[in-house]
Amino acid sequence: MLLFLLLAGVAFYAWRVRRREHLLQPWRRLMRSRSGMASAVVLLAFVAVGVLDSLHFRLPLERQANNAETHYSPEVLSVFDLLAGPLRKQLEKTYSAPFAVHLFTKETIELPGGKQTRDFPRLKYGGAHLRDPVADRAADIAVTAATGALYALVLCAVMTALLVLWLARRRGVSPGAAWMLIRHGHDEIPWRTLLATIGLLILFVCLAALLSAKYHLLGTDKVGQDVFYLALKSIRTGLMIGTLTTLVMLPFALLLGIMAGYFRGWVDDVIQYTYTTLSSIPGVLLIAAAVLILQVYMDSNQEMFDTVAARADIRLLFLCIILGVTSWTGLCRLLRGEALKLREMEFIQAATAFGVGHFRIIARHILPNVMHIVLISIVLDFSGLVLAEAVLSYVGVGVDPSMQSWGNMINGARLEMAREPMVWWSLLAAFVFMFVLVLSANLFSDRVRDAFDPRVR
Amino acid sequence: MIQYIIRRILYAIPILIGVNLITFALFFVVNTPDNMARIHLGMKHVTPEAVAKWKHERGYDKPLLWNGAAQGEKKATDTIFFEKSVGMFAFDFGRSDEGRDIAYDIRTRMWPSLAIALPVFVIGLAVNVTFAMLMAFFRATYVDLAGVVLCVAMMSISGLFYIIGGQYLVSKLLHLTPISGFDGGFNALKFIVLPVVIGVVAGIGTGARWYRTIFLEETSRDYVRTARAKGLSELSVLFGHVLKNAMIPILTGAVVVIPLLFMGSLISESFFGIPGLGSYTIDAINAQDFAIVRAMVFLGSVLYIVGLILTDISYTLVDPRIRLE
Amino acid sequence: MKSPLLQVENLTVRIDSGKTQVRAVDGVSFSINRHETFALLGESGCGKSMTALSLMRLLPDAGRIVSGAVSLDGQDLLALPEIAMRSVRGERIAMIFQEPMNSLNPVMTVGRQIAETLLRHTGLRGEAVQARVLELLDDVGIPDAKARCNDYPFQFSGGMKQRVMIAIALACEPDLLIADEPTTALDVTIQAQVLDLLRRLQRERGMAVLLISHDLGVVAGMAQRVAVMYAGEIVETADRGDFFAHPKHPYTRKLFASLPGAARRGQQLEIIRGMVPRLDQEFSGCRFAGRCDSAWERCHTTIPEWVEVSSGHGVRCHLFAALRVSTPSSALPLQGGGCETGAALSTPSPLQGEGWDGGEGVAPLLQVDGLKVHFPIHKGLFKRVAGQVMAVDGVSLAIHSGRTLALVGESGCGKTTVGKGILQLLRPTAGSVRFAGEELTRLQGAALRARRANFQIVFQDPYSSLDPRMRVADIIEEGMMALGAAAAASERQSQVDCLLRQVGLSPDSKYRYPHEFSGGQRQRVAIARALGVRPKLIICDEPTSALDVSVQAQILNLLKGLQDELGLAYLFITHNLAVVEYFAHEVAVMYLGRIVERGTVEEVMRAPRHPYTQALLSAVPAADAGSSREIIRLAGDLPSPANPPSGCHFHPRCPQAMPACRESYPAEVVFSATHSVHCLLFAGK
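Taken in order, these protein sequences are the chains called A, Z and P. Using my numbering, the first residue of the first sequence is number 1, and each one after it goes up by one. Using my numbering, the first residue of the second sequence is number 458, and each one after it goes up by one. Using my numbering, the first residue of the third sequence is number 783, and each one after it goes up by one.
Quick caveat, the hints were computed from the structure, so don't treat them as lab data. Even for Gly, the Cβ is constructed at its ideal location relative to N, Cα and C. Take these hints with a grain of salt, some might be off.
To spell it out: a stretch of chain Z is covered by chain P in this simulated footprint if at least three of its residues, at any positions, have a beta carbon under 8 angstroms from a beta carbon of chain P; those stretches are [claimed, not checked]:
1. 583-594
2. 649-658
3. 682-688
If the Cβ cut is set under 10 angstroms, some of the chain Z residues that face chain A in the computed set are [unchecked claim]:
4. ALA572
5. LEU708
6. GLY710
7. VAL712
8. ILE739
9. LEU765
10. TYR772
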């Protein structure tokens, strides 16, 4: 629900911006930067997975003949689960390496003749269609990959063609000229970079889609779940923590920061005291303490939290609140400083000279003039929150262990570190996904800052 | 100036009281000691007698704020608040829920923490400043661009991976250092090297990039133009003028964490099996030992506030504008 | 004739800004002889600072020299390798900058900053360096050099910092000193000190000076030769005498004509219409053509050539290419120039109410009595109030409808605080402010809000006085809505249109944002906003000091027209005495929180009595070459209002101070119904 409110908010903001030239300008600057656009595309892809994963519903069970009511299965699914259907269901017994056809551990197998040997058993799903896995595997992977690449190529070509046509109409030139615009990067928006990024993404999606249908792309974990699927599911957790925390802390930081800077005097003293006190408690410890307390509370009031999922959700929500409590102080301090500066600006004094009320001044003059700071710090904080989740989950005070998250993946894999040969794929999966998300968030935030910070101009 | 410092210290007192109240509320009001006892004694089949005994052993059976049953001043002192929270101002942390003396544990365990954290801090600062200076010197060239890209990439990697990767590469593949553990005296060195190196490397991305911004901001100031107009070389402008001014925000920003070095690092200590305060805290969290967590929260706040006061003092030392006012 | 010291040929500088290139300097040529002061004159953004920086090869990262040659003593500076260039900087060419506040390293003692140059360029070491530093500080007039050379820049006042900058520049006895607006950031009395110092040093050391300035007065007092820059080009070069007597280029003439002053009282000032063209375009004609009154077709189609009208006097203008040398300058189609100041316009047309009786009998619109605004200083352990900054300490004044009272003083004297105290933006510590007989200081909340429509303010900085995130219409409407001036939305809209027209902007500019306007246009919007609530009094807080001369003239004309039309009263806060002479009816001179002299413009400007007023008036550089007035030099700086001198605040700097001045603050001495002064010199009379 919150997510959709947020999306609606973003859409509303976009609509407002379109009508106002001065608000549009920094976004234009952003659109012109290559790394900004590329990272935005990647971020959007992550967000898309996260949103798909948030569209929850329960599958109806088959209707019983004499009963008019529809029964819903107790399992909550998301649209994403449907799309990734086979991935979710194809459970192996335990660990298996990426693209493996055998389990990672030896087991006692009953041979047809009644004899027993200890060997690596075949996987139930990974490469199950192969008759002679050892000989055919490489060729099959190559063929599948090639097919995927072909699909990707076709899709890319179609997309490029569409873009060329659209651009030609928009700029009023022939398609050929539009193509040249794109190829030589002469247009304002770096289409080349954009196309390349999207192309890569499409390639990745095609390959992943085809290969993961036949193999476990990134292996399986201890209970046989597909790691690739888990990593994708973790996107939602990461995004949720980022956005929810922001939503929690934003009102505090905005209201208190501006009030402290604008009213000064005792209001300022009280607010400053509050945030100095809160920020003087080391963040991790405060979070740890709070989460521990929550655990105790949930354990002693078990009747309030009936399902495992509900407990995990409560815990996630609470974690976001605590993260919000520890992270609003930074933004609050920034906003206070800015409001202090703004209230001395002559246009605020002019408004005072007209007898405009305090709250009108805050709403009409100060708020719009600090929004760029808010935006910059939100984007900057986002990557930090994603990284924090991993650390907190590792410490044991992060999201519920039953939830899919990169932190939990790392935590699980760490226990297997000493194993020989190592179980490295969970770590790798978490690393790659986190790295790509955080890197693109960082690059994006850099560009946002360049585009919005008046000092840089 | 001394007056200024005294005022800062006085200002810290209400903050400490605030922290104390917050921890008290968090640990004793949200959850009653009864709940804690049940957690520790197992959820099911706990007799009220066992709970009462557990509470009594740890002094949690007293009233929270006001002991109406006691005599005279004991009405206020013979309470959980007075014994468990007020006592912390005298660094009397009491005993852990397992019965260990927390103050003693802290005293013995802070040295290994410091042995890791201090070198990380000092070397890290030096390395970051050096990198930042290099990038500022080559600003607007490919060297600078490559440096920034590298920094952004490095800061996008979670600290966990630095530790895991480092352990795997250095200890497991190359067998250069032990994977984990700790020892007293000079033997500690071989255990310290890897965590320190990893700590420094993990910090480069964020640190160097931030310092680079500070350096670039300074190089765009008017006095730098004056220095160039004197005929100074770019290098002496950077070292003679920019460095001096940039060190004010850098040093004062770094000073805040110095007291916190005693606390060690939660993650790396537990990965490397170093018996410091960081792993102490983690163990306490995992064992749900509230007394220790409470003590560490308070200790952390005290150290942070000491850091703030040190920052103010260092400002007055580094910046003549404040020193001579 | 010897070859010139510095020869600049066809210098072209571009600045990359995104995809476009700004031609900041476009084909500039000039030369500077030894021992000569050469002035580069121009308005902001015309490329004069860029020219100076490219001589030193110190352009900002985005700028680069595209073509041209700069030779110092025959040596091509642009061809030198960077290492060799470094020994030119500081040793042969030295530079001082506009902002002395930011141009010194804040964490280095001034002694070290001077020594640095010496260590770099001379063989002096150790004691010898120290001795030379002290000598230099002494030379630039810093008292007690020995103690002060270990001080940090923040311990010096603005004027003193500029002296330190000069000491740094002079350390190696350079052949050429580039002074980039050296006194723009300083007050007039301090400016007079610094200019004096520069003149003396140049005479003693025989160096050449390239003076960059926008101030015709400063140029007139300093330069031997003058070049005028406009939009990246030099449009006129002449000897000082010739330049101020017979300016040729239409732009130069307009500049002279738009200077306000006593002589132009009651008339409209000449204005230069339009704006400086953008410099990121190719020009196909004269750059000034769009704003020139005497432009004809050719001016738009052909780029004018450089024309030598007489020896040493060159112009870039088609007018002179056609008339050539034979035509005497008096026959030119243009009239008016700096030379005629005073003479031709000695009888100004009477202003509305010029022969005024001083307002006796009529109740003043605004009556301020004993206004005090003090700011507490917190000190000590518990931030007890340890003292007061007496920003305004007992100011009394009165303004009648339709009149302008100018409040004059140097920065830090408290004149802006007076304005805010009257508006109740700052609550006065003591005293009364009565508007139309009603006491404002005791009003609170809604009652005060209801009176706010009567008095409005126009601020100094047009860039910070308009909310960058609101459209012009919203900005103007805000006050109207807050004060309920017009109810219906449609009515408000038509009023906004009307107001915009009134201040000379087109009504469709109301949908635009402030950043799309130039400084002058923004100031018009600010005036329209104030007018929106139909005030009777407008407090103008330095409304033109952030603007170029030509734009200043536009705003002054506008304010004047509005006063005639609407009968507005102005409290005009300014430090610019020329504007006062042109614009005001009465003047009050402030020094350190108190008014030291007041009277009508004639009384105060023609016959100043207070030594401070006299010094202030004499320190203003006049924009003509011939005048040789005695400048009264004031010693020292403005004292701190937290700790004003005992007795008369002015006595430590007063050339006519007597022992009694130290005793008590002088009482008011009245000369006429309107003219009075606080000075002991006249106490007995």
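### Task
Please verify that hint: GLY710(Z), Cβ, nearest Cβ of chain A, below 10 angstroms or not.
Given a least distance of 13 angstroms, the restraint on GLY710(Z) is violated.
### Query
Given as covered by chain P, does the region 649-658 of chain Z meet the bar of three residues or more with CB within less than 8 angstroms?
violated (count 0)
### Minimum beta-carbon distance criterion (10 angstroms), ALA572(Z) to chain A
violated, 20 angstroms
### Task
So, TYR772(Z) near chain A? Judge it on the closest CB pair being under 10 angstroms.
violated, 17 angstroms
### Task
Have a go at the LEU765(Z) hint: is there a Cβ in chain A nearer than 10 angstroms to its own Cβ?
Since chain A brings a Cβ to about 8 angstroms from LEU765(Z), closer than 10 angstroms, the hint holds.
### Query
For the hint on VAL712(Z), does the least C-beta distance to chain A fall short of 10 angstroms?
Because about 15 angstroms separates VAL712(Z) from the closest Cβ in chain A, which is outside the 10 angstroms limit, the hint is violated.
### Task
Confirm or reject the coverage of the region 682-688 of chain Z by chain P under the rule of 3 or more residues with a beta carbon closer than 8 angstroms to the chain's beta carbons.
Our answer is that it holds, as 7 residues pass the Cβ test (under 8 angstroms) against chain P, meeting three.
### LEU708(Z) as chain A interface residue, shortest Cβ-Cβ below 10 angstroms
LEU708(Z) check fails; min Cβ-Cβ to chain A is 20 angstroms, beyond 10 angstroms.
### Query
With a Cβ-Cβ cutoff of 8 angstroms, does the region 583-594 of chain Z contain at least three residues near chain P?
Three-residue rule not met by the region 583-594 of chain Z, so violated; n is 0.
### Query
Against chain A, is ILE739(Z) within 10 angstroms by beta-carbon distance?
Given a least distance of 6 angstroms, the restraint on ILE739(Z) holds.
Hint compliance for this structure: hints 1, 2, 4, 5, 6, 7, 10 are broken, all remaining hints hold.
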